[in-house]
Amino acid sequence: MLDIGIGISSGKNAATAAEEISRLAKANKPAKNKIDLALLFTSPEFSSANFLKTINNMLGGVPIVGLTGPAVICNQGIFKHGAVLLLLSLPEGALLSHGCVKGIKTKPPREAGEEIGDKLLCGLKNNTRGLGLLFFDRLVEDGPNIISGLQDHLGRSFPCWGVFPSDHFHPIRTSLYFNQSIVTDGCAGIVLGGRISCGAGMKHGWKPLGKPHSVSAAEANIIKKIDGQPAVKLYEEYLACDLNRLKKEIKTLSISYPIGVFAPGETEYILRNVHNVTDDGSLICQGNIPEGSMIRLMISTKETCLKAAYAAVAEAVNNVSNPMLKFSKTKTSQLAIAFSSFSRYNLLRRDTNRELEIIRESLAPNTPIIGLYSGCQLAPLTALGYRGQSYLHNQTISVLILEG
Amino acid sequence: MISYINGENLFNLLGLMSLISAIALFFVLLLKSHKINQLQESVNNLKRSLDEMDEQAKLVVRTDIELNKTQEELDKKLTGLYTLQRFSRTISSTFDEEQIFQKIEIGDLEEIGFEKALAFLWDAKERIFSLRLNVGYNEESCAGIKSQVEANKNTYWESVRNEKTLSSISMLLENNEKERLKAIFKTRSFVISPILPKEGNQGFLFVGSDKNPMITIGDEELITILANQLGQALENARLFEKTWHAHQELENRVEERTRELSLALEEVKKISKRKSDFVSSVSHELRTPLTSIKGYASILLAGKLGVVPEEVHKRLDKINKHSDELVQFVNDLLDISRIESGKASMKLVPQGLKAILEEISDMLSVLLKEKEISFSSELAPDLPEVLVDKEQIKRVFINLINNAIKYTPKGKITVRVIDSGKQVQVDVSDTGCGIPENALETIFEEFYRVDSTLNQDIKGTGLGLALVRNIIEAHKGKIWVKSKVGEGSTFSFTLPNAF
Chain H
1 MLDIGIGISS GKNAATAAEE ISRLAKANKP AKNKIDLALL FTSPEFSSAN FLKTINNMLG
61 GVPIVGLTGP AVICNQGIFK HGAVLLLLSL PEGALLSHGC VKGIKTKPPR EAGEEIGDKL
121 LCGLKNNTRG LGLLFFDRLV EDGPNIISGL QDHLGRSFPC WGVFPSDHFH PIRTSLYFNQ
181 SIVTDGCAGI VLGGRISCGA GMKHGWKPLG KPHSVSAAEA NIIKKIDGQP AVKLYEEYLA
241 CDLNRLKKEI KTLSISYPIG VFAPGETEYI LRNVHNVTDD GSLICQGNIP EGSMIRLMIS
301 TKETCLKAAY AAVAEAVNNV SNPMLKFSKT KTSQLAIAFS SFSRYNLLRR DTNRELEIIR
361 ESLAPNTPII GLYSGCQLAP LTALGYRGQS YLHNQTISVL ILEG
Chain G
1 MISYINGENL FNLLGLMSLI SAIALFFVLL LKSHKINQLQ ESVNNLKRSL DEMDEQAKLV
61 VRTDIELNKT QEELDKKLTG LYTLQRFSRT ISSTFDEEQI FQKIEIGDLE EIGFEKALAF
121 LWDAKERIFS LRLNVGYNEE SCAGIKSQVE ANKNTYWESV RNEKTLSSIS MLLENNEKER
181 LKAIFKTRSF VISPILPKEG NQGFLFVGSD KNPMITIGDE ELITILANQL GQALENARLF
241 EKTWHAHQEL ENRVEERTRE LSLALEEVKK ISKRKSDFVS SVSHELRTPL TSIKGYASIL
301 LAGKLGVVPE EVHKRLDKIN KHSDELVQFV NDLLDISRIE SGKASMKLVP QGLKAILEEI
361 SDMLSVLLKE KEISFSSELA PDLPEVLVDK EQIKRVFINL INNAIKYTPK GKITVRVIDS
421 GKQVQVDVSD TGCGIPENAL ETIFEEFYRV DSTLNQDIKG TGLGLALVRN IIEAHKGKIW
481 VKSKVGEGST FSFTLPNAF
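Chains as they are written, first to last, in this note's numbering: chain H, 1 to 404; chain G, 1 to 499.
One thing to keep in mind: the hints can contain errors.
As the list claims (entries may be wrong) - In silico lysine to aspartate or glutamate, EDC-like type, Cα no more than 16 angstroms apart, as pairs:
no., chain 1, residue 1, chain 2, residue 2
1, H, K207, G, D54
2, H, K251, G, D108
3, G, K390, G, E437
4, G, K58, H, E219
5, G, K77, H, D351
6, H, K302, G, D64
7, G, K354, G, D427
8, G, K125, G, E150
9, H, K233, G, E55
10, G, K58, H, D242
11, G, K211, H, D185
12, H, K302, G, D75
13, G, K58, H, E237
14, G, K69, H, E249
15, H, K80, G, D64
16, H, K207, G, D64
17, H, K80, G, E115
18, H, K102, H, D185
19, H, K233, G, E221
20, H, K12, G, D108
21, H, K302, G, E72
22, H, K248, G, D210
23, H, K247, H, E219
24, H, K80, G, E105
25, H, K211, G, E140
26, H, K80, G, E111
27, H, K80, H, D280
28, G, K478, G, D427
29, G, K77, G, E221
30, G, K482, G, D427
31, H, K211, G, E52
32, H, K211, G, D54
33, H, K12, G, E105
34, H, K211, G, E55
35, H, K80, G, D108
36, H, K302, H, D351
37, H, K32, H, E92
Stated by the list, open to error - Cβ-to-Cβ under 7 angstroms is the rule here; a few derived chain H residues that face chain G:
no., residue
38, G210
39, Y238
40, A240
The set of hints was computed from the structure by calculation and includes no laboratory data. In this text, a Cβ means the ideal position worked out from N, Cα and C, and glycines have one as well.
Model the full structure from these sequences, guided by the hints.
Set out below in structure tokens:
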């Protein structure tokens, strides 16, 4: 049975917060058995050597993986300034490996992926591998390629989920926690395997609007032409804004009206935020858009956003409840890890807490929840044609459920 | 022939068939073309519908943008109001000027869309703007801004005096001052609003944001309210401090006066003790020779030293009588002194007042008869017993009734006893000459005698009522008098119930 203890602190002082979360997490953990992993999410101001050192001292050599982000999530609420620590002891037969690769900016992405894949594979060879969770300290455009390298080693359809805490829309200073180190320009991850059930779900809630358009010229994350015309025309026409205004406001407008890329077999379009408009009318997106893609302008309401949260958690619950994945017939416990886009936080504004409430009410009472608001998310597409390849997603909420 | 016919026929047949086929094809093509035209029309219709829907979608997006903007503004206002309410509650929870600013935290600022804040208050003594709040700046940046504010203090002071809020939204685009302020405070958007407490130093609050370059008039209004609340909180803190100081001063004065009074009281107590000691020692010293005088007078009167002539006998009687009076006087003095110093112990036992009054009535019946004064006692039924020293209470009654007899030439003396809960009240009333109003307060003081022509003919030491008061007070009772000249007096006192 999963044994979990969570500590939360919204205090301003990092040293006090480190002590508080460690003490609380230990106290809240029912069994005092060996801790297999400490998962640490904090707001950026906590990221200091002393903060991590205090936690290490109090936990005594427990592997620590985590990252900073714009806001942390836990059962008690959403905190823009806070730290949350999860101590996890896995059930018998469950396995976990963790690893970190530094300097990913200077390495070929595939190689970086292979390097972390090697590290994560260590100790899991010849065992069932359930789910990989990757944390990047900032937006890495080559994230999917890093995952591809990782999947070369862990299996082509191995489900990898990930978080980029900052992106073009939320350019905050973020860092990773890995054991005794604070890492920047890196990627840390964990892989769960053996006798543990994992389920995940991801949704955004944006709906297509207007007629479909075809990307007639694109290069990586730059859409040059749509329907043979400069790409910016799409926003000019729909939003009735001129180029100058769009250049200034595209970030804000694109959060409400992103571009949706049609993905055959998927229930939702893949969202792409536009973070810049060039003078020649090209749209620079957050994530690649292949030439020839069928795209739509997307729109949402608070209601559809919140419904997506219901759908994401329901999908995760449904996945984890799959009898094929059940390892134990005895009593089990669950842990939910939630990652939501900070754009959603800004869009939902006063209703932000509703997302957490939805997760809470969709799970069994008192299920521990830990999470982080992030810039971009990485998640596999479920349609067969994509063979489990992970893609960069914008504005989604993803919920991972571990059961054992 | 057959073959010719056959060949010709075949040719004709083929020609006919070709003709029929061509006609059929023509009809088929005609039909298909019609179908194609119909389909083309449907496609065109669909395309038109799609275009129309696309146009509608554009309208939807544009309306949605407007709605979002309004919703955002509304949300911001609501969040701002909640935050303001929280701010207000927090900053009102302290009366410490320093703490008011410490209560403003980064989380609260972010709630209203800003992540930097500085507050400056004008220091009238030093003639500088002193920094009271810094959120979101490191020490180096803060020092830089402080020196810039100092360098342009007159400009800032002017805007504080004019009660003017400056912001990156309300200042004109071409205004150089706006860009200068942005550069000084290292921010993309800002609001600067005066802090205006009615008393004491005024100043200004700056809030800024890099994340939110598009602040609104609503933001400006919100910060103006916040600055007003800060001003109000500062005013309250200063008023509190002033009141507190005044209170402290008052307390110090009260303490000083109390100390002075305590010292005076101690002095009075010392003097009173000295007086009691003096009276006690003098009384003791007087009693010894008095006893001798009285003894010798008694010996002489008894004729033990020979027959005493009639005239000498008369004088000896007077010596004896005056000696008795003097002994009584000395005894009264000693009793007062003992009771005052607490040396006289009261033997408190439950007693019925009826029996005591009967004894007193018997004792004084001769005197009453002589002066033709009627005496009556009215005791309430079921009167409880009182906890008293019987002998002392008898002295109280004797003194009061004796006084009444003395000052009532002819008339009536009434003793009334009523139960008033935890105690009984005794009223001794007479129909005598009464006491002037100005003497009522001092009548119970030692050696006090009412200054009147009548009093000159009546003997008295001025100790009787003082003794009565001391005895009553030793029983934890109270004594008072009501009187009207020419109509009589009523002396009332209380005694504690036995149960």
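Name the hints, by number, that the structure is in violation of.
Per hint list: 2, 3, 4, 11, 15, 19, 23, 25, 27 violated.
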